[in-house]
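Start counting at 1 in the sequence shown, then tack on 316, and there's your number in our numbering.
Just so you know, not all the hints are guaranteed correct.
[Stated by the list, open to error] Here are the computed lysine to any residue pairs in the SDA-like style, where the Cα-Cα straight-line distance is at most 20 Å: (1) Lys-1057 <-> Thr-934; (2) Lys-380 <-> Thr-318; (3) Lys-1057 <-> Ala-1044.
Derived by calculation from the structure, the hints in this document are not laboratory data.
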Amino acid sequence: MTGPVLVDLQGAQSLGHRGRGISRYATQLALAMERVAPDRVDAYLLNPDLAPPAGVEPLIASGKLAFVDEAPYADASLLHLASPFELSVPLDRLFPRDARAGPALVTTVFDLIPEVFADTYLADPGQRRRYRAREELVRQADRLVAISRHSGVDATRILGVAPARLGVVPLAPSPEFAPAADREVALAAVAARLPAVRPPFVLYTGGTDGRKNVERLVEAWGRLVDLVRGRFQLVIACEVQPLERNHFEVRAAELGVADDILVTGWVADPVLVSLTQTAELAVWPSLYEGYGLPIAEALACHTPVIASATSAHPELLPDAALFDPHDSAAIASAIEGALVDEHRRGTLLGHARATPRRTWDDVAHETLEQYDIALATRGRRPAAPRTTRSRRTTRLAFVTPLPPLRTGVADYSARLVPSLASLPDVEVDVYVDGPPHAGDALRAAIATGVEGAMATRPLASLVRVEAQLGAYDDVVYSIGNSEYHTGALAMLRDRPGVVLAHDVRLTNLYRFAPWQHPDGASDGFHAALQLMYPGALPPDLGATGSLDTVDADRWGVLMARDVIAESTRFLTTSSFAARLARLDARPTDRDKITWVPFALGTVAGDDDAGARDDDGRTITTFGVVSATKQAELLLEAFTHVRAGRPKARLVFAGRAGPDEVAAVRRIARALGVSDGVEVTGALEADQYRRRLRTTSVAVQLRVLSNGEWSAALGDCLTAGVPTVVTDAGANREIPAGAVEKVASDAGAATIAGRLLTLLDDAGARRRIGEAGRRFAEGRTFDACAAALYASLRSPAG
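All chains should be modelled from the sequences, with the hints used to inform the complete structure.
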């Protein structure tokens, strides 16, 4: 049975915007809901510590007003927070703990201006913490109601909210904003309250903080030609502090326009309506708005409007009404054109008169539709009450990069998380890691999310979410040896958790960490290396800020020991990697180390890769082209293959930097086999699958193991591609017959011999491919997710 629907109106009580803006929204929405659907909302919630809002007599009469500390959250089906960013209200009062397990959550998003101008609005650490804690509240919502398309885009871009969870419901002007029945009567009402107003006038209504751009409006007024400025007055009607008023008046005097500008201060709603009805022009120069309600109010009065060409304004106005708000000359030109250019003024008047009248009843109907969607989807919480569960739900946080970030760990996690989340009584929230400079890809990864996850958020929000919703049962950090995991490395120090280690050698991770998370000195890598192995290394080792493979191997440097120490458990992807990690760990930490199987087949749609199109002559090495895969040795072996098989082809299928591509091509030319060598570069999934299908023999040669499992090798096994591999690292654990193994020090002639034998024997290729596929069938993502979860639940040590 559907429980009560609750609408929180604490925003209507706000001291910061009482009677205007958000307060007006909350009040008008509630009143309209009671008009159009009085049976839909069971209670409107107020804060008992604050005075009730004005104008809510119909809600009082309905008997539905209640206080937040009396609300039936546990039984409710839906809670709508009409103003989730109320910083003056404690978070537990805004979103009580009883509300966090039961009802579907809907929040309204007006704007994210504090994040857009963070240096201004979030400079204070306390203010920043309070605001960002409420961002997490918004991210948790089952449904977000944005007041404009632009605010919805900001929610996706800044908060990483998936567009599917967003609905756009624009605001409406209050009914009082309408064309004046008698213009002279309206002018008389203005004169009675504001005798200093001198018609004809241009009107600005709004705030006075820097984002509102009022000072540039004053400067623009000083640029007007005398004919225009002498005829019109600029009326700035808004609440203004004494110092602000003094600043504007001094600036106007400096520009010689003090007599042409009137700053009224705050005006009551009836006067604001009369001003809007009688203005010759309304101007709105704000740098950024979530909607622009004063624009809608002026249009409702059939008053022509011009505004800055920013944020949501183009959703309300035609191009002819827009100007560059950063240029006072452009503002002045727009004002002049709107007042004296008959064609332009006619366009603006026509738009004002033709704009359909939007009402708060429309807003109420559309908001109720968003409630229906939230109740139908309810992606954040399970539908069944927790009391009916036979076992306790396990809440996991999974920290990882995600596509479109271009890293193998991202691809792997995108397949693993859905399998983990599909386990009984397991809930998984994903926190996206990645390098700060990959901003667009990071935002896209957060917005896209991953199937099965309860929520997908930026990594920085993990601690705030735990503060609000309680600690996760486990935090799993999926970590590899690259720049995509520096956030996890930093977070692990403050919030220990389980490490799923895709690599045991982490020298590259520490190389990038000081630049991406500069908590220490600029020599962070060198300092970290020397502190990790005190007295065991040459003092200048790592002084360049990195360590190449040769030196790392020579000195036995893995740089995993601190991560192992900071973890609650350190899980590798092979028994070889676990043994390698124990060599690096401090004695007290060795019992933390164990391993879970690596899932094979990371390419979506790999189930159809078995439709083989084997021409008997194509050799392919899959994955990132790098020195560790011995490209030069493979090319040398290919010269022997070509001697026996002139039509043989060698393909490097995977991402490659310009230097790697150039090196492969240079060596191939020098060896005289360039006509048979292809470097594909990065491949889309369907192209990758096609390469798997058309490969006769795959080859994966690694000179050094970092304790990783090759995802590319897993793809080959899953697709049934016979593969020649180096008998080293995790490859040692692949059963005999599932791959063709060569010694790690095998020369070009030996490798070529194995390749030729397979190219010449189609039956052997089939047998090895089928054995490899059988091995891969035991390492599905579902099976490996279950193994990972079992490891989390088992006692450590």
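Hint check:
| no. | hint | verdict |
| --- | --- | --- |
| 1 | Lys-1057 <-> Thr-934 | holds (19 Å) |
| 2 | Lys-380 <-> Thr-318 | holds (18 Å) |
| 3 | Lys-1057 <-> Ala-1044 | holds (9 Å) |
Of the numbered hints listed earlier, not one is contradicted by the structure.
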